[in-house]
Amino acid sequence: MSLDLMAVSHSYGRREVLREINLSIPPGTITALKGPSGSGKTTLLAIMGGLLEPTKGMVSRPDRGPGDSQWIHQTVNLLGRRSACDNVAVALFSQGYSRREATSLATAALRTVGLGDRAKRRANTLSGGEAQRVSIARALVGSPSIVLADEPTGQLDRATTAVVLDALVALRKPGSVIVVATHDPDVAAICDRVLLVANGTVTEGQ
Amino acid sequence: MMWRPIVWLSEVWRNIKARAVLHLLIGAIAAATFGTVTATDLFYGSHTIEQRRNLDHAGSDVAVVEGTSTGDNTGGIDAGRCLALNGLTGITRAGSERTAAPLELATAPGQPFRPIAVAGPTVAIWDPGLADSSVTGQVWATDAMGERYGTTADTISYTTTGPVSVAGTIKPYRAPDLGARIIYPDSPNATADRCWIQVDPPLTQEKLEALATWFAANAPVVTRPILAADQLRVDPLSDFDSRYSRYLWLAAGVLMGGAWALLSRARRSELALLTSIGAGHLNSIALHITEVALVAAVAWVVGTGAATTIWTFRTPLVTQSRSLLVIAITESLAALTIALALGALTVMANTFGSQLQALKNRE
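Protein sequence lines, in the order shown, are assigned to chains A and B.
Count along the first sequence from 1, then add 4; that gives the number in the working numbering.
Count along the second sequence from 1, then add 93; that gives the number in the working numbering.
Accuracy of the hints is not assured; some may be wrong.
If you want a taste of the chain A side facing chain B, the calculated C-beta under 8 Å gives, among others [said to hold, decoys possible]: (1) 73; (2) 74; (3) 85; (4) 86; (5) 90; (6) 94; (7) 98; (8) 100; (9) 102; (10) 103; (11) 142.
Listing some non-contacts, in silico: residues in chain B with all C-beta distances to chain A over 12 Å [unchecked claim]: (12) 111; (13) 129; (14) 441.
Think of the hints as simulated: they come from the structure by calculation, not from any bench.
Yeah, the Cβ is synthetic: ideal placement off N, Cα and C, and Gly gets one too.
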């Protein structure tokens, strides 16, 4: 099922950030949102993920309820005092998993992103790249229908970026919609489709 | 979907452990706050009970009726009339007193003293430590008599009569001017000098007037409380009700509620994060509220328990009362409830507004 936006507009006070956006993102694809800072990429992502209600228009999401849409944030957005494993497992509780099941799946997801040996480390003791990979593992673990990534490599060096991109590609599954807001051409390069966000509108890019 | 209860509880515990120092600190402050509310009530209440007890020992509820000498009237009062007060509503006990002819102890010849004859439970009115049933029909000595002549619970002999058995010595708290006396039982039909009456508290002007009316039918009398009027105005119980600390529970509740509100506000972005990874508002709110409630409840038990334990061991048993404990714990519980309500409201308020902005603030 695709992620559809129908005549979506959004304003902050009198400032209109998005204007009459019509968009359909098919499952099994990775879509990049490119555009200058302040163009509305994060706002568009938030509307897609349900963190923000659009001022006008409708959104049709393919998710199956809580826990079925996951975020990867620009900066480390983990529960700093909890372990890497706990940070991943917490995304599964809303899907009815027990702690034992969630911990087992979380450990496997961390292994997938190369952090099997860091599972019990506190999140605030991990490096920036490791923490971002924990975020990706969290997005990976519940096989969500929607994954929204906001500048996932924005604060990483090139070597770590490559690792994160590999992990991001691993998220691509037939039934999932992945949307990435980015400035990074390397990130755009792994995407199936690039959309340009500028002046409140969205156009197909290269 | 709501988290499984066991998952939810284990998350609460893990979150508390993850911020152990912060939770210990806020828990200690909360325990001290709730404990202060409890301790203030308990110690103030015990002080009040002690004051009331001292006032009672001094005779705050005791009146004396004396006859007045007018014309042919010699000034005595009818002891039978005095004893008839016993059993009336509002009267705790009443007994008469008459100063008898001087006597000399065989062991102290040439040192006459005037014994006192009493009818009814007069001795129990003078010494609140004695029960009515143990005092009537017995011979007693005042403690001053014991100090002066060595008279205690034994057999004494007067110079003029045979041996008399003394039941013991009394401490006449409510008749401190009695001095060294032997007190022996008198006929209930005699003419007494005065009638001692202990009323159910408080001793009011209306009760004094009613007593005067009771005796005035036979002869003119003077009715007076044994304590001065300004002492009678001291009412420790109303003093407790109007104490400055009576709203301490409210202040404590607002203080701790405010502290938890600030802490919850500081964790607003965490709620947004949990929401963004699919935990849902209900789970996130329940998680944070349970954390606050658990720390608050433990702090309340520790604070109130410590205050109660200290009070139990540091105040005399006679100044401890169950109703006082109920008041103290109720007020402390009210403080806990207010604190929890404010904390919970703040957690819920945190879910309003832009979650996106909350996440950005986190970044």
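* Taking the closest Cβ pair, is residue 94 (chain A) under 8 Å from chain B? -> 7 Å, holds
* **chain A versus residue 441 (chain B) - minimum CB to CB distance exceeding 12 Å, so not interface** => 18 Å, holds
* **Proposed interface contact between residue 86 (chain A) and chain B, which counts if any beta carbon pair is under 8 Å** => Since chain B brings a Cβ to about 6 Å from residue 86 (chain A), closer than 8 Å, the hint holds.
* Asked: For the hint on residue 142 (chain A), does the least C-beta distance to chain B fall short of 8 Å?
  -> 6 Å, holds
* **Separation of residue 111 (chain B) from chain A, once the least beta-carbon distance is taken, above 12 Å** => Check fails; 4 Å does not lie beyond 12 Å.
* Please settle this one: residue 129 (chain B) was flagged as non-interface, so is its CB more than 12 Å from every CB on chain A? => 31 Å, holds
* Asked: Does residue 73 (chain A) meet its interface restraint, that is, does its C-beta lie within less than 8 Å of any C-beta in chain B?
  -> 7 Å, holds
* With 8 Å as the cut and Cβ atoms as the points, is residue 100 (chain A) at the interface with chain B? -> 6 Å, holds
* Hold the hint about residue 98 (chain A) up to the distance rule: shortest CB distance to chain B must be less than 8 Å. => With a closest approach of 5 Å, the residue 98 (chain A) hint holds.
* When the least beta-carbon distance from residue 74 (chain A) to chain B is tested against 8 Å, hint result -> Because about 6 Å separates residue 74 (chain A) from the closest Cβ in chain B, which is inside the 8 Å limit, the hint holds.
* Mind checking the CB of residue 85 (chain A) against every CB in chain B and telling me if the closest is under 8 Å? => With a minimum Cβ separation of about 4 Å from chain B (threshold 8 Å), the hint on residue 85 (chain A) holds.
* chain B contact restraint for residue 90 (chain A) - C-beta distance below 8 Å -> With a minimum Cβ separation of about 7 Å from chain B (threshold 8 Å), the hint on residue 90 (chain A) holds.
When held up to the earlier numbered hints, the structure conflicts with hint 12 and nothing else.
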